[in-house]
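A.B. asks: Sequence:
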Amino acid sequence: MRSLRIPAALAALAITATACTGGGGNEEGSGEYPRSETLYTTGTAWGPPVSWNPLMKGQYAPGTIGLAYETLFLYDPNEGEYVPWLAESDEWTAENVHEITLREGITWSDGEPLVAEDVVATLELGQFGSVSYSNIWNFIESAEATDERTVTVTFAENRPQEWMNWVYLNPILPAHIWADMEETALTDSANEDIVATGPYVYESHTDDRMVWERNDEWWGTEVLDLEMQPRYIVDIVNASNEVTMNMINQGDVDLSNNFLPGIDQVLNSNPNVTSFYDGPPYMKSANTAWLVPNTTRAPLDDTAFRQALAHAIDMEQIISGPYTDLVQAASPTGLLPEWDEYIDQELVEQEGFSFDADEAVAILEDAGYMDEDGDGYVETPDGEPIALTLEVPSGWTDWMEAARLIAQQAQAVGINVEAQFPEEDLLVENRNSGEFDLVINNERQMSNTPWTYYDYLFQLPVNQQQTTVNFGRYENEEVWQLVEQLAAVPADDVEGAAEITSQIQEIQLAELPAIPLWYNGLWSQSTNETWTNWPSEQEGAPQSAATLWNGWLEMGAIYTLAEIEPVG
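Mature numbering (1 follows the signal peptide of the UniProt record, and there is no 0) puts the sequence shown at residues -19 to -1, 1 to 549.
Don't take each hint at face value.
As the list claims (entries may be wrong) - What follows is a set of in silico ranges between Cβ atoms, one per label pair, in the way DEER data are often shown:
id, residue 1, residue 2, range
1, Thr370, Ala75, 50 to 56 Å
2, Glu129, Glu76, 24 to 30 Å
3, Thr513, Pro366, 55 to 61 Å
4, Asn413, Thr127, 39 to 45 Å
5, Gln519, His157, 42 to 48 Å
6, Glu330, Glu208, 44 to 50 Å
What the hints contain is simulated information worked out from the structure, not anything from laboratory work. Quick reminder that beta carbons are idealized off the backbone N, C-alpha and C, glycines included.
Use the sequences and the hints to build the structure in full.
C.D. replies: Below, the structure is given as structure tokens:
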């Protein structure tokens, strides 16, 4: 997440969106909430909230899943464990049969009980192609409510890594509302009248904010012994880095999930502003930023050329420059720190790339890339000039500066690369259709399994439009078969998964279909003026994620709302 260019009207609204003091509850239409009971956040939304439809991934207001709708399990990336949530327990009764038992006594906000048929109906919604998780029916044979609280899922093709990813990321919906909807209603409804089970309910929204109010009847208060501390969560649409930084310094925002250039200076000078680590990189890692080459275009279709490009990139210059030590260089495998046990370190030591300009030049020369015309840039072995563009979205200031540096570093070894900054919509259109040379992308977050990263890198077949995976259009049946094998490994078999990831990495490091750059931060800057006990590396402090980004409440951020404490 980062600052984008927001319309002036929204910017003006956000400037006035400082935290309000005053007693009592919300006065109708006033936008005022008791400061001591209200958590003010920003950095999760880039436009007005317009949808609360959990089926429309990427379009619903942050918190729709996690605060309102809930999942069967959470996933704890620190411990590598699944945490029962709406589900009380589960068991693999056969290699291809997963039995899930729901907790007893949970009700929807309209008073109806949560039952196994709700889980079945939610799964069956995926039989509509427009629903984001329709892919699960490529390997599910059936889903059956075997009694009121028990769901039995039978798989035609056993893919527990992929299946458990669905289990913790996708919310259960009430069958009595959703099951009989037409497909157009499923995908078009804004779902303003939310019927859910979670710890917060919809309170109100305006163009510049989303407000959630605590559900004091939430089942988890008693069953999980978790009491949500803020009565209200007011999530303010981000306007600009300057506005957000000012609100943090004044304590008007309690939690920012923005990338904020210069926040390291604030963290070192303002004792009321905190992050997870006391020093660099200050934040945990959220995802990997990759340099993605279009492998259907020469010379990016040449493994040697991609290897030379990888050796040309000086990540330390990027980390200490645009990022002022707020990020870390990625492993040559691209796997996040939490996935260290899946990295073949010996292989990385032998085959992994690192910055070495001389090595980049030598690889180019050995592969026949020479500067024949004396302009400072190499030509192809056939003597054709090379002129590549590296595109990142206009307004993404950190990526823009990083792209400029990568272009300069490539030029220094004789590769002609120019950084360009189109509007995001145009970049996405060109990237998805394969009309690009190089882009930076980080669209896969931390998850329960490195399978999600390898699915992102290698998925086949390549389609005319690549909307979510394999933007580089790299085709390698051998490595894709390994990814498919990884999907079939039991969810708790780390050793078995690591054997396969080692084989994947052997091909990946040799071919470099995408070049890992840095670990994008889990941007989480918090203030201690109204709320304290934020997650940190300090002994005894909470270790959960402090972000309301979509997908992270299910990876433990929901605990943060129960663990923070009011000041005074």
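A.B. asks: Starting from the hint list further up, note which numbers the structure goes against and sort them upward.
C.D. replies: none
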